[in-house]
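Protein chains in written order, with this note's numbering: chain C, 1 to 138; chain E, 1 to 138; chain A, 1 to 138; chain Z, 1 to 138.
Don't take each hint at face value.
To be verified - Covered stretches of chain E, going by a simulated chain Z footprint (3 or more residues, C-beta under 8 Å):
id	region
1	11-19
2	25-38
3	107-121
Worth flagging that the hints you see were computed from the coordinates, not collected in a lab. We treat Cβ as the ideally placed atom computed from N, Cα and C, and that holds for glycine.
4 protein chains.
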Amino acid sequence: MKCCESKIIPRYADTDQMGIVHHAAYLPWFETGRDDFFKKMGYSYYQLEHNGHLMPVLNISCQYLKSAKYDEPVLLRSTLEKFKGARLSFRYELIREADLKLLSVAKIEYSITNRAYQPINIKKTNQELWEKLNNCFN
Amino acid sequence: MKCCESKIIPRYADTDQMGIVHHAAYLPWFETGRDDFFKKMGYSYYQLEHNGHLMPVLNISCQYLKSAKYDEPVLLRSTLEKFKGARLSFRYELIREADLKLLSVAKIEYSITNRAYQPINIKKTNQELWEKLNNCFN
Amino acid sequence: MKCCESKIIPRYADTDQMGIVHHAAYLPWFETGRDDFFKKMGYSYYQLEHNGHLMPVLNISCQYLKSAKYDEPVLLRSTLEKFKGARLSFRYELIREADLKLLSVAKIEYSITNRAYQPINIKKTNQELWEKLNNCFN
Amino acid sequence: MKCCESKIIPRYADTDQMGIVHHAAYLPWFETGRDDFFKKMGYSYYQLEHNGHLMPVLNISCQYLKSAKYDEPVLLRSTLEKFKGARLSFRYELIREADLKLLSVAKIEYSITNRAYQPINIKKTNQELWEKLNNCFN
């Protein structure tokens, strides 16, 4: 289980006056992809935060290849690419459902921190989460 | 001091494919108007939250008379209309700077609560804020 | 067919530092409810715009009764309440799935216009849409 | 004139339940930085679109070094780094006003297109804009 698929229907509020989905609207989609991945893995982000962790974004790179449009369904493939120490990287692919064209590819790196935003080694503090994340690479 | 004026320049991300500012984008503007009002009054919302209060929205009514457009500056007039117990009401008027046409009128009611979202009577718990809010009506 | 139900999972990006969904985030949800209603009715908003119409918001009233929270699913019930001339009103009810508590009630009035934002009488210009909207009241 | 400075006050709606500005909220800020740059250069983005051009985003890379917080003013430095053919790159630096700490660095590449989203060589179609952009490197 390294990949998870989510379906997204671009909302009217996501568009801008260029007639396409505004580039900033992709980021909450990717976040939803991450959340769906964690749920499928058996440890939700909700639970992660409930247990005192946070996962702030460290860096983003995103290519916009073709435009997403209002009400044209897209598939989001979220893949956990790396996990080491207090850092995770996801790769996101956004695909137009109608013709399976690739619209966007992104990579987002997150830090796992405590509530004071300090990176934590979950191997020591959260064995369950650590194992589930590691199992994604088997 | 019952009225406070803020200047807003609609951002590209605020627009939708209809070519106008999306109706949801007005709400963060009104919130900014409230914040400017509180700062001018001498007790910022930042300080209010720092002191253990929250101000969730209870209800909103908003009329959209004319469309706001990208990069066309608007003036926002924020007026404290009512303050009683744990409730405040603001009236917001959005005016196009170029021709002073009224674009939108809104009324938003807020509750003053503690961190558990329970309404609090600030007359007892925060005399300074209570006085400053009351002085707005003199 | 006067009511349509949509399921929404509040996203992380919808929250604010109060720990609840920001009040502005409800408006794109309601818009999604309207879109789901139109699709179920057999004439999508996408199609409506494609045929040269727009549906700008005229006014909104919204009560916030209980807070929506991150990742706690909500049901949105969208009801067409009125349709006359170039105006439509929807009523929206937002219900927490877990305990069926009512979180929010809203009423939004829209205008049906041409691309120049002028109200149009669709009885004359778009018989198909006019009939489908009227059939919602039978 | 290769650099332009904008002042931004993070809004309450920009925050998330982590207590910091959500990472997606930076993108509309950068867009505002680009707009301020163009205005200072003497050819606004408004004008650019009015003259039949669009400037969709091609790719983004953004590092989040420290968190922006509600109501803590930030300075945004926008620099035109490259301009060639139908492509422009901006570099954005986000600096906390209080202590001049660098919060974020981003690079965004844009395409200059016609209304059909096709890249255009503005050297041929818009001499005025072409010269103004080139003068930024002198």
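Outcome of the hint check:
With a threshold of 8 Å between beta carbons, the proposed coverage of the region 11-19 of chain E by chain Z holds, since 4 of its residues qualify and at least three are required. Counting residues of the region 25-38 of chain E whose beta carbon lies closer than 8 Å to any beta carbon of chain Z gives 5, which meets the minimum of three for the stated coverage. Note: the region 107-121 of chain E has 0 residues with beta-carbon separation from chain Z under 8 Å; the three-residue rule is not met and the coverage is violated.
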